[in-house]
Amino acid sequence: MINNLLSMAFIVGLMLVAVPPITYLERKVLGHMQQRPGPMVVGFHGLLQPLADAIKLIFKEDIIPKGADKLLFMFAPSFSIFAALLAASVVPIGFIQAVPMKSALLFVMAMSAISIYALILAGYSSNDKYSFLAGMRAAAQVLGYELPMGFALMAAVILYGSFDFNEIVKWQSQHGWGILYQPIAFLLFLFVMAAEVGRPPFDLPEGESELVGGFHTEYSGMRFAAFFFGEYINIIVLSLVVSLLFLGGWSGPLADKYPVLGVLYHLGKAAFFIFLTFWLRATFPRYRFDQMLSIMWKILLPISILNLFVAAAEALLVG
Amino acid sequence: MMSVIKKVALVDLLKGMSITLKTMFKPTVTVHYPFEKVPPRKRFRGIHALKLNPDGSYRCEACYLCAEMCPSNVIDMEMTEGKDGKKELVDFTVDLTRCLFCGLCVEACPRDAIVMTDIYEFSQYTVDKLILHKKDLMELGRYYQEWERKRR
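From first to last, the protein sequence lines are chains D and G. Position 178 of the first sequence, counted from 1, bears residue number 178 in our numbering, the numbering being contiguous throughout. Position 30 of the second sequence, counted from 1, bears residue number 349 in our numbering, the numbering being contiguous throughout.
There's no promise every hint is true.
Here are some chain D residues pointing at chain G (derived, C-beta under 10 angstroms) [stated by the list, open to error]:
| id | residue |
| --- | --- |
| 1 | M33 |
| 2 | Q35 |
| 3 | H175 |
| 4 | L187 |
| 5 | R286 |
Honestly, the hints are just simulated from the structure, not real lab data. Virtual Cβ for every residue (Gly too), placed ideally from N, Cα, C.
Between the sequences and the hints, there should be enough to build the whole structure, so can you do that?
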């Protein structure tokens, strides 16, 4: 019980503490990929930039537009954080497990699917056509990517025979990493992950060039920041999940003897996927809306369904 | 057939990603502006100055050619008759709020009296500080001489 509470505190703390450095790293990585240094002024090489951002956001005026649905308008940003934190609470990092759950993977999927409600509510309640359009896009996008994502994960689940992350990692430490058996599911999941967290090249609900700021056009101050907290926590959670599902999680040399090493392995693998989201953002332009939907429905969905058969065959052969 | 294979293997996407990754380790090209400055070019047209003679007097003869030439009515001057019968400047104003830094006044000047310095940072908090008077312009003239000497 106490262990679980400590783990919970650790995970929530990790998520909240990790976000500011990640925003800093993102800006640095993006900058260097465009041959500019990123934040440089506040502190050594701009290290205190997240702090400066936080101070600025806290002291900004909180504006609620006329004609907005006040209750929903105030509720939407916190929803974004809460859904993300709920998803985070069941993801184990090495031996640190906040909520041991038999169907943890299902829960993570449900929570990250629910987090799209934050965008829809924000778009609906802002009384602004740009926000509204962004909310509608988010709704259509969630229909597009949830199916391939579900099928990609189901392929993995068929192979491992469990929704429990511990079982999944155990299976992988016996048989080898999941990416060797399910490269297609892995790639599909990476694609869909970008859409799930609303990152380029699938950042349609944000679409600065078309929709001003997307769903957060009317938000300012800490409410605005809350959306980004939610988004970044989602990125961390999904990165942890990918490394659990396909890269063996905390399994690795000497991880059985020293559990701390396992935590480091897991975080290191997740860090690569977080870097990958920055990398994708720096490289690819945004897909047009119809392109994105046709990719999801016409390409990824059939592939993911066919992949189920591959997974079933593998499960029969290996499992 | 090849194109299908390329598409399936995500060749173009990986190519693009390799380029961004390579760029990440290249040196940056940013000039950190308020701390680092790119020196203006030789013929840069910054704010005006009244060029000075070696003895410190201004060269302007109040012929009004620069004021006539100016497309946006920036230059205005006031003059009286001096002791030796020459025209003497009482005031020479350059209104930087309207100036477009075309340099026509410099072209027009027959005595090479009005010149342009390399100063481009001249923001002020109030508008009236942007209207340069004779005293400011002669101050700038001293700066210009210094700068010209360095340039040689």
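Each hint, compared with the structure:
no., hint, verdict
1, M33, "holds, 5 angstroms"
2, Q35, "holds, 5 angstroms"
3, H175, "violated, 26 angstroms"
4, L187, "holds, 8 angstroms"
5, R286, "violated, 14 angstroms"
In summary, the structure is inconsistent with hints 3, 5 from the numbered list given earlier, while agreeing with the others.
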